[in-house]
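Each protein sequence line maps, in turn, to chains Z and H.
Position one of the first sequence corresponds to residue 1 (the working numbering), numbered consecutively onward.
Position one of the second sequence corresponds to residue 1 (the working numbering), numbered consecutively onward.
Quick caveat, the hints were computed from the structure, so don't treat them as lab data.
Treat the hints with care, as some may be off.
As the list claims (entries may be wrong) - SDA-like cross-link-like pairs, simulated, lysine to any residue; straight-line CA separation at most 25 Å:
| no. | chain 1 | residue 1 | chain 2 | residue 2 |
| --- | --- | --- | --- | --- |
| 1 | Z | 70 | H | 167 |
| 2 | H | 77 | H | 167 |
| 3 | Z | 45 | H | 77 |
| 4 | Z | 51 | H | 88 |
| 5 | H | 79 | Z | 71 |
Said to hold, decoys possible - Which stretches of chain H does chain Z cover? Using the computed rule of at least three CB atoms under 8 Å from a CB of chain Z, they are:
| no. | segment |
| --- | --- |
| 6 | 38 to 45 |
| 7 | 66 to 80 |
| 8 | 96 to 104 |
| 9 | 174 to 186 |
No experiment lies behind these values; they were computed from the predicted model shown.
All C-beta atoms, glycine included, are put in the ideal place defined by N, C-alpha and C.
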Amino acid sequence: MNCRRVRQYLFGYFKQELPPEETEEVRVHLDSCPECAKEAKEIKKINFMLKDDLETLVPSTDFNEKLLAKIQMLPSETKEKDTRRWWVRLLLEVFPSVRWRWALAGAVSVIIFAYAVMFTQKQTSIRPEFYSQDAEKMEGQDLVNSPKVTDSLYQELLERVAQTSTLRDRAFIIDNFSFSASRGEDGRIQPEDLYKRFVIERRSPLNTQRGRGNHYVLPVVSTQPASQKVDY
Amino acid sequence: MPTGERVPNRKWRVSDPVDLTDKDLLARVKANDTIAFSVLVDRYKIRLFNLIYRMLQNREEAEDILQETFLRVFKEKEKYDPTYAFSTWIYTIALNLCRNELKRKKRFKFFGLDLIKEDRRYAVEEKGNKNCLSSTLEKAIASLPVKYRTVFLLREVNQLSYEEMSQSLDIPLGTVKSRVNRARLILRKRLKPKIEEQYELSKSSPIPIWLF
Numbered sequence: 001m002n003c004r005r006v007r008q009y010l011f012g013y014f015k016q017e018l019p020p021e022e023t024e025e026v027r028v029h030l031d032s033c034p035e036c037a038k039e040a041k042e043i044k045k046i047n048f049m050l051k052d053d054l055e056t057l058v059p060s061t062d063f064n065e066k067l068l069a070k071i072q073m074l075p076s077e078t079k080e081k082d083t084r085r086w087w088v089r090l091l092l093e094v095f096p097s098v099r100w101r102w103a104l105a106g107a108v109s110v111i112i113f114a115y116a117v118m119f120t121q122k123q124t125s126i127r128p129e130f131y132s133q134d135a136e137k138m139e140g141q142d143l144v145n146s147p148k149v150t151d152s153l154y155q156e157l158l159e160r161v162a163q164t165s166t167l168r169d170r171a172f173i174i175d176n177f178s179f180s181a182s183r184g185e186d187g188r189i190q191p192e193d194l195y196k197r198f199v200i201e202r203r204s205p206l207n208t209q210r211g212r213g214n215h216y217v218l219p220v221v222s223t224q225p226a227s228q229k230v231d232y
Numbered sequence: 001m002p003t004g005e006r007v008p009n010r011k012w013r014v015s016d017p018v019d020l021t022d023k024d025l026l027a028r029v030k031a032n033d034t035i036a037f038s039v040l041v042d043r044y045k046i047r048l049f050n051l052i053y054r055m056l057q058n059r060e061e062a063e064d065i066l067q068e069t070f071l072r073v074f075k076e077k078e079k080y081d082p083t084y085a086f087s088t089w090i091y092t093i094a095l096n097l098c099r100n101e102l103k104r105k106k107r108f109k110f111f112g113l114d115l116i117k118e119d120r121r122y123a124v125e126e127k128g129n130k131n132c133l134s135s136t137l138e139k140a141i142a143s144l145p146v147k148y149r150t151v152f153l154l155r156e157v158n159q160l161s162y163e164e165m166s167q168s169l170d171i172p173l174g175t176v177k178s179r180v181n182r183a184r185l186i187l188r189k190r191l192k193p194k195i196e197e198q199y200e201l202s203k204s205s206p207i208p209i210w211l212f
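Okay, chain Z solo, but in the shape it has when bound:
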C-alpha cells in the first residue's frame, strides 16, 4: 500500500471502519513510513478534537413550551371524514356542487310527487276487471236501478257500466252485494284486499231462471261496509 492510499484510509483506520486486511496493511505501512506516521498523528488529533471540542448546542429552555403551544393550535383532527356512508360519498362525488344537489333533490321530489299522485289515483279508481268474457253475449237486459241502494260503490258501478260500451245497452240485474275479500292461496280471506263482488245476472225474458251470474270483481279501496242486499 502506498502512501497516497494510506492517507485516504487514515481516518477510517482510527475509527475502526476498515475491514481487517486493510487495517493490517495500514498498520504495517505506518510502522515503516515516518511521513505517514506523522500524518497519522495529526489525524488522531483531529479525531480527539471532534470528540472533545465540539460544544453541545442546546435549544432555548422554552422550546418545548412553544412547540406544544403550536401543537395545540393545530386544527383539531376530526374523525375521519370518510366514515360517512358509502352512498353519501358517492352521491357527493357525483354531485359536488350545491346547485347540482338542489337540482337532484328537486327531481327526486318531483318523481315522488308524481308517483304519489299516480298511486292514489290508481287506488281511487275502480276498474271493473271482467272475470268472464261472457258479458258480450248478454242481450237486452234491463238495468235495474234500485233507489233504495245507497251504496256509493253501487252507484259508481252503475255509472261505469253505463260508460262501458260493451255493457251500455244491456240491462243487468245487480244483486248480492257482498263484502268479500279475496282469498289467499290457502283459502283464507286476506283483509288487505277488499273487493266487492257484484253479481250481475241476466234476467231471462221469461223471468224464470236466474242464470248463472257473471261475477264482476272490482277492487276497492274504501272500506265501506257492505250494503244490504238488494232484492229485485
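Got chain Z sorted already, so can you dock chain H onto it with the hints?
Relative to the frame of chain Z, chain H by itself:
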C-alpha cells in the same frame, strides 16, 4: 379469599413513557398523548439541534427548523412507515427542511474561513454566549460544502451509521461512504495549519454530544 401481599395486576401496569421505544411513543402520540410527544421531543431535540445549527450557522433559524421538524412529525404521524426506524424518519424530515432552508437562503455552498469572521461579530451579540461556533474546528466544519458538511456532521457528530445515513439522505451506501471520506480529507486540509494551536488552546472538554 387468599390474603397476603397484593401482586400488581400486570394487565394494568402503566409503563413510564421514558422507557418506551420511539415507535411506542409515536403510537401514543397518535392517540393524542402530549406527554409521550414531549418525551419524544426531548429524546431528539439536542441531537437534531446540533445538526441543524451547524448546517444553518444561525441559532434562530435552527430553532425554527427544529420546531418545524417536530411539528411535521406530529402532523404526519399517520404517514410514518414503520419499516423504517423512527430516527431515520425524523432525520429525513430535519435534513429535508435544512436543505430547503439553505436553498431558500441561497447561501454560498462554499465560503472560506474569512467570511465566517462576520458571523462571529453577529454571534457576539447573542446574550452571554461563548461563541460556540467560532472555534477553529467549528469554522472549518462550517466551511465544508453542504453536501460534505451534511454527511460529515451526521457521521462525526450525530454518530449515525452509514446505513441510516443512506436511508435518511436517500443516497446509495457507497456514495455516503465516499462523501464522508472526502469530507474528512477536506477538513484535514483546512485544519492543517491550525491543529497545533487549537489543540493547545482547548480547555476542559464539554459533554460529548453523543450522550444525548
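Do the hints match the structure? See the list:
1. Under the criterion of a C-alpha separation no larger than 25 Å, the hint pairing residue 70(Z) with residue 167(H) is inconsistent with the structure, at around 29 Å.
2. A C-alpha spacing of about 19 Å is found between residue 77(H) and residue 167(H), which places the hinted pair at or below 25 Å, so the restraint holds.
3. A C-alpha spacing of about 42 Å is found between residue 45(Z) and residue 77(H), which places the hinted pair above 25 Å, so the restraint is violated.
4. Our distance criterion of 25 Å between C-alpha atoms is met by residue 51(Z) and residue 88(H), whose separation comes to about 23 Å.
5. For the hint linking residue 79(H) to residue 71(Z), the alpha-carbon distance of about 17 Å falls within 25 Å, and the restraint holds.
6. Under a criterion of three residues with beta carbons nearer than 8 Å to beta carbons of chain Z, the stated coverage of the segment 38 to 45 of chain H is upheld, 4 such residues being counted.
7. Look at the segment 66 to 80 of chain H against chain Z: 6 of its residues bring a Cβ nearer than 8 Å to a Cβ of that chain, three or more, so the hint holds.
8. Here's how the segment 96 to 104 of chain H fares: 0 of its residues keep a CB closer than 8 Å to some CB of chain Z, so the rule of at least three is not met and the hint is violated.
9. Against chain Z, the segment 174 to 186 of chain H contributes 3 residues with a C-beta closer than 8 Å to a partner C-beta. That satisfies the three-residue criterion, and the hint holds.
In summary, the structure is inconsistent with hints 1, 3 and 8 from the numbered list given earlier, while agreeing with the others.
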